[in-house]
Amino acid sequence: MRGCIVDNRMAWAGEDLIRRMAEGDADACGRFYDRYARLVYPLILRIVGEPADAADILQEVFWEAWQAAARYDPARGSPEAWIVIRARTRAIDRLRAVRRRSETFVAPLDEGLAAAPPESGGDAAERAADRAVVAAMLDRLPEHQREAIELAYYGGLTQTEIAERLKQPLGTVKTRIRLGLERLREMMGPAT
Amino acid sequence: MSHEPFETHAAVYALGALDGEERAAFEEHLGGGCAACATTVREHGETLADVARGVPPMIPPAHVKADLMRRVSTTSPGRPSRRRSWIRWGVATAAAVVAVTAFVAGLVASRYEARIGFMVRETARFRADRERQEAALRDRLALSQGVIDLLQDPATRVVTLGGSGPSPAAVGRLVWHDDRGGYLLVADVPSTPAGKVYELWTISAGQPRPAGVFTVDASGRATHPVAATRSPVQVFAVTLEPEGGVPAPTGPIVLASAK
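Protein chains in written order, with my numbering: chain F, 1 to 192; chain V, 193 to 451.
Pulled out of the complex, with its shape left as it was, chain V reads as follows:
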């Protein structure tokens, strides 16, 4: 067989695109010690590294190095050095065999390690997702349970809030207990613009006091727990305010209860 096809195989191989029987044949050829092909593969490898060098550098996230160094610091450095001294003491032929075997085994092992690593991370990601979903469900369940508990108390009343200003279709209910506080439930409330949140106010004797900020989900709903107040509340109102909330209302009234 002429050597010519191997020149082409070497290029495609260096690019990682050689597949099927040709790949197996070329690897056998390389393993057989063809110096010309080894050189060609090496040179193309350098060229392709140059292509990578041409891509604008980018600073990777800092946690990558921190994680890497943590892993590195827990491994024993002894193993590689032992291999080196073994090679020094071995006869040349045996050393070559060992080196080739170690190289191939390392190649195979590192491929599988990487694959297992990916699977482990994938599993971890699924678990994290599931835990997030569970936590969200638990939160919702706790809110619902709180509303039900409160409704079972005869002193609890339900205050209706009507939409006004920018959101006439919005509706709200405040399940309220003068001593225990309560929950605001809203529906059909438009989602907040960037940098804005809704803020609830409890108004006693004409004096509004902040009662927490909230946002609504994609369907315009929200359940917002409200702490008890010291003085009886006459009016509940919701305004649109800058993120983080403000000590006194500044934005338009979105929902308000009747006096």
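For reference, chain F alone in the conformation it holds in the complex:
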């Protein structure tokens, strides 16, 4: 019995881990973290820019996931989407709070978007290659669509802010976002 559990550890799906978290299984929470922290940490870091802030937010995101596990509904999205949405929301909340406080709106955003996350061990060449793949994926979007999506995804800007920034009508921005997302969905569709 015990051996069986050990054997299955690696194979447990994210959904099972969330279900076990909902039942109060701290061990499942640890494994859920092991499975998704590497995915969301670089995303959070890319959004907030500061490793210390990113670590704070990372912990908060998984802490909230632990508390909200009972409310997870597989029909509303995969465990991956669930944790990524939480991570983006928290990171962007933080970004907006910082911007409100510093009242320097444009400059940090430009720096943040330009900056690649700092390297932290591992094979730099391999990661550079990975990054090129992602860049290629977003680059396959028409420039205007990519720009609008990146400003929201990494910069946390709302549609109105994007419209002001790009000096485009709001309707145009919304259309670019929708067309861009639909295109990305087509590109990645078969895999999901």
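Where hints are given, some of them may not hold.
[Unchecked claim] Per label pair, the in silico range of CB-to-CB distance:
(1) F:V98 - V:P417: 37 to 43 angstroms
(2) F:E15 - V:A216: 29 to 35 angstroms
(3) V:G224 - F:A97: 27 to 33 angstroms
(4) V:R349 - F:V98: 53 to 59 angstroms
[Claimed, not checked] Far from chain F by the CB rule (all over 10 angstroms, computed), these chain V residues:
(5) D211
(6) G225
(7) L240
(8) V247
(9) H255
(10) V256
(11) A286
(12) T315
(13) D345
(14) T352
(15) G354
(16) S356
(17) D380
(18) T384
(19) A414
[As the list claims (entries may be wrong)] Rough simulated footprint, nothing fancy, chain V against chain F, three-plus residues with beta-carbon under 8 angstroms:
(20) 29-43
(21) 59-67
(22) 91-99
(23) 141-155
(24) 175-181
Source of the hints: derived by calculation from the structure; they are not laboratory data. These figures come from a predicted structure and were not determined experimentally. Here a beta-carbon is modelled for each residue, glycine too, at the ideal position from N, C-alpha and C.
Given chain F, put chain V in place with the hints provided.
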């Protein structure tokens, strides 16, 4: 109203960029049970998670998991299970209402929890900063007090060190008491290159003995306490040495007292 605008709203909403009245209207529409929009939002959510998956993975700092597990281990697992059994026993309609209310309340609560969490951490950071500054001030005060105490002792003398070699402009004073030791105060000393420190030597009968390493602040100043020596010191000298210091001088002399 045509459904078409909602398709666009769903995309912008999934990206977290819908704002103002449109956001409120769309949330109401979603809450009204529009299955098509729920599906669209879900699909875009998956796409955006795929975008995240494309970002090269990075190993987060180890303390994050340790802190998380500490928090997790202190919470009671009972609460969520109780909610589940309540839902099982409730009538379907009531359960749906409870679930929606719990979801919204949870959403609101988690937003505020996160905000409060940020404020708590921010406050903690300010406190830590202040404590660091206080500690630094206390250290400086203790040094200054030590120098003043020593100067009040009639047996204390002040030795002048002149700059030499790479730093002719450097100046130093050694407030020295043969039995109590003293303090080296320097000014206009260039900051040390990476991997190097300044090391003080007390030279008795031609024999240099190490008397501690130090670095200078941005303005080229430092105050360095020096322990008393067993035999009377004839010369004080400062050399540039590898980090951690060395048992016998190897680097250039930066400051030295007259014999």
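Provide an ascending list of the numbers of those earlier hints which the structure does not satisfy. 5, 7, 8, 9, 10
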